[in-house]
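Trainee: Listed below, chain by chain, are the residues.
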Amino acid sequence: MTDRKNESLSALCDGECDELEVRRVLNQFSSDPDLREQWRRYHLLGSIMREEPVSSIDLSEGIMQALDGEPMDEVPARSQTPVETSVAHTAADNKRSRSQWLMSGAVAASVTLAVLVGARFAYDPSALDGSMSGAALVMNDSQSAMESEAISAITVAANEPVVEPLTVANADISAEELRKAQEVLSQYVLEHENEAINANEQGLPTFVRVANFGADNKTAVRKD
Amino acid sequence: MKWALSLCLLLSVGLIFTPNTLHALPEESGKAELWLTKMSTAFSELNFRGLVVYGDGDHWESLEYRQTQHKGTHLSRTQYLSGIPRTQVRSGNELFCIHSGDHIAGLTPDVFKPLNRDLASKLTTILASYEVGVFSNIERIAANDAVFITLTPKSDDRYAYQLWLERTTGLPLKADLLDIKGDVLQRFQFAELELNVTTPISMFSSSESGHALRLKPTPDRVSSSEASWWPAWLPSGFALQGYNKVSGSEGRQGERLTFSDGLSSFTVFVDHVENDLGPDLTRRWHATSATVRHTRSNTGDFRISVVGELPSVTVSKIAESVTLVDQLASR
Numbered sequence: 001m002t003d004r005k006n007e008s009l010s011a012l013c014d015g016e017c018d019e020l021e022v023r024r025v026l027n028q029f030s031s032d033p034d035l036r037e038q039w040r041r042y043h044l045l046g047s048i049m050r051e052e053p054v055s056s057i058d059l060s061e062g063i064m065q066a067l068d069g070e071p072m073d074e075v076p077a078r079s080q081t082p083v084e085t086s087v088a089h090t091a092a093d094n095k096r097s098r099s100q101w102l103m104s105g106a107v108a109a110s111v112t113l114a115v116l117v118g119a120r121f122a123y124d125p126s127a128l129d130g131s132m133s134g135a136a137l138v139m140n141d142s143q144s145a146m147e148s149e150a151i152s153a154i155t156v157a158a159n160e161p162v163v164e165p166l167t168v169a170n171a172d173i174s175a176e177e178l179r180k181a182q183e184v185l186s187q188y189v190l191e192h193e194n195e196a197i198n199a200n201e202q203g204l205p206t207f208v209r210v211a212n213f214g215a216d217n218k219t220a221v222r223k224d
Numbered sequence: 001m002k003w004a005l006s007l008c009l010l011l012s013v014g015l016i017f018t019p020n021t022l023h024a025l026p027e028e029s030g031k032a033e034l035w036l037t038k039m040s041t042a043f044s045e046l047n048f049r050g051l052v053v054y055g056d057g058d059h060w061e062s063l064e065y066r067q068t069q070h071k072g073t074h075l076s077r078t079q080y081l082s083g084i085p086r087t088q089v090r091s092g093n094e095l096f097c098i099h100s101g102d103h104i105a106g107l108t109p110d111v112f113k114p115l116n117r118d119l120a121s122k123l124t125t126i127l128a129s130y131e132v133g134v135f136s137n138i139e140r141i142a143a144n145d146a147v148f149i150t151l152t153p154k155s156d157d158r159y160a161y162q163l164w165l166e167r168t169t170g171l172p173l174k175a176d177l178l179d180i181k182g183d184v185l186q187r188f189q190f191a192e193l194e195l196n197v198t199t200p201i202s203m204f205s206s207s208e209s210g211h212a213l214r215l216k217p218t219p220d221r222v223s224s225s226e227a228s229w230w231p232a233w234l235p236s237g238f239a240l241q242g243y244n245k246v247s248g249s250e251g252r253q254g255e256r257l258t259f260s261d262g263l264s265s266f267t268v269f270v271d272h273v274e275n276d277l278g279p280d281l282t283r284r285w286h287a288t289s290a291t292v293r294h295t296r297s298n299t300g301d302f303r304i305s306v307v308g309e310l311p312s313v314t315v316s317k318i319a320e321s322v323t324l325v326d327q328l329a330s331r
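Chains as they are written, first to last, in the working numbering: chain A, 1 to 224; chain B, 1 to 331.
Honestly, the hints are just simulated from the structure, not real lab data.
Predicted model only: the values in this text are computed from it and were never measured.
C-beta: ideal position from N, C-alpha, C; glycine also.
Accuracy of the hints is not assured; some may be wrong.
[Claimed, not checked] So the derived list for chain B, only partly shown, Cβ under 10 Å to chain A, looks like this:
1. A142
2. E192
3. L195
4. T258
5. P279
6. W285
7. T291
8. V306
9. V307
10. E309
[To be verified] DEER-style ranges, computed between Cβ atoms:
11. A:R179 / B:K154: 33 to 41 Å
12. B:S100 / A:N27: 29 to 37 Å
13. A:D32 / B:I84: 21 to 29 Å
14. B:L34 / A:R179: 46 to 54 Å
15. A:P33 / B:H70: 23 to 31 Å
16. A:R179 / B:E94: 33 to 41 Å
17. A:N6 / B:K181: 48 to 56 Å
18. A:P33 / B:S44: 26 to 34 Å
[Unchecked claim] Okay, the calculated bits of chain B under chain A, using three or more residues with CB under 8 Å as the criterion:
19. 49-63
20. 266-274
Using the sequences and the hints, build the whole thing.
Mentor: Okay, structure coming up:
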């Protein structure tokens, strides 16, 4: 699938398409199985992340119905057997972790809602201020913020680990010293994670190197 | 009389709020070994394709994984669906990464580690450190029935695992890494799984844009005789898995010692530093903890760092114990 199609699909999921773009992408579904598969993947993965039962409901038709001003009450399921996912709740699960996992789900769930609601609004002239507007434009600021957060949760780009509690023994160090020390520590973590890779044999390139503390803390790079 | 009423009330409340899973009793340990072996075999022998979600609750990534066996060679292909476009292809011990730009450490993680095909060879080590529970519950994940298994550490210095293994093959459909409070630190879960799928061999070939990595062969015996530094304290069950000397700045060498109990692992980094001691730090990235401390010996100043999938208290304790082998022998 081309990058342009990927971008369009991503924008559709983000609720960032205007009506014409929505129609264009959805029309391609019928002739482009890759695009349709990618759309299905987005929703399947999103459902797993939200720990909710997964069903392979085709939202695209519902969106098209909304654009055409038809009721969306009967969104048809795909002909194949629905995939269901059960979520195990064990004794080890506690309230805090549950709430964290569900929080990301609640936010992400708003995206699907935003696409559907946005599509309705996009068709409803009374909801627009005279110009052609996309779904994202008719959402308020808080919805947009939630949407952005949800999308970042689904399409995480960063490989940077999330930092949790930090203990510093030398309390009188400068912020710059602390920053450098943390970067070096991060580098050690990455090296540990890649311990299975031995790049030093037979002259193969070095993929991971340890930064010189406080002076050379760039990201590990391949040396061809 | 009041105390009897209170007791009845307490028992009633307890019955109401007891989770269903507590009704499942662990089965005999022989089954535990069987399931763990089955899981390892599944990674070695099965042909399958699946969509996998992995993360820690705050950050999520997704990937598509395929593996097949071809003429006795294990082939796998991991296409990462989030983040920068990148693919990793494995053919036996050859590993190729396909992406733009330089290879960054941690770019193509093995999300199934340590629940992979090498696990069967570590079974004795694992069972020495973990209690394995096989529960009679059958749950449904990615449209497959799953058996629920727990790996609970015998000591509090490491994390626990919860596994949901596909009922017929033992393939892990879902895995959680838990801290002592039961918080999920890491999770992977199949969103979709197709077993016995034949993937075209062409999908496992690396294109010209790919670059090679090399997997470190697992040595039969790891020699630590060259190590100058050693942790005086190790959590029970951990043994040396790898030892390396690396070139540091100004020709100075550093040492790397990797230990594992079959599931968790940690690495001790020893580096010679000069005029730049920096602060001592301890930090945790969800399941991974890291600590740095500095020490002075008659041969100079050294930075001792320990990184591993262990609680921060444990890695700190290990780091504090790292000392020169000569001094260790004289103790």
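Trainee: Now tell me, hint by hint, if it's right for this structure.
Mentor: Hint check results:
1. A142: Holds, because the Cβ-Cβ distance from A142 of chain B to chain A comes to roughly 6 Å (cut-off 10 Å).
2. E192: Constraint on E192 of chain B satisfied, holds at 6 Å.
3. L195: At about 14 Å, which exceeds the 10 Å cut-off, the nearest Cβ of chain A leaves the hint on L195 of chain B violated.
4. T258: holds (5 Å)
5. P279: holds (4 Å)
6. W285: holds (4 Å)
7. T291: holds (8 Å)
8. V306: holds (9 Å)
9. V307: Interface hint status for V307 of chain B: holds (4 Å vs cutoff 10 Å).
10. E309: holds (9 Å)
11. A:R179 / B:K154: 33 to 41 Å: holds (39 Å)
12. B:S100 / A:N27: 29 to 37 Å: Because 31 Å falls inside the window, the suggested range holds.
13. A:D32 / B:I84: 21 to 29 Å: holds (24 Å)
14. B:L34 / A:R179: 46 to 54 Å: Distance hint for L34 of chain B, R179 of chain A holds at roughly 50 Å.
15. A:P33 / B:H70: 23 to 31 Å: holds (26 Å)
16. A:R179 / B:E94: 33 to 41 Å: holds (38 Å)
17. A:N6 / B:K181: 48 to 56 Å: Because 40 Å falls outside the window, the suggested range is violated.
18. A:P33 / B:S44: 26 to 34 Å: holds (33 Å)
19. 49-63: holds (count 10)
20. 266-274: Coverage by chain A holds for the region 266-274 of chain B (5 residues, Cβ < 8 Å).
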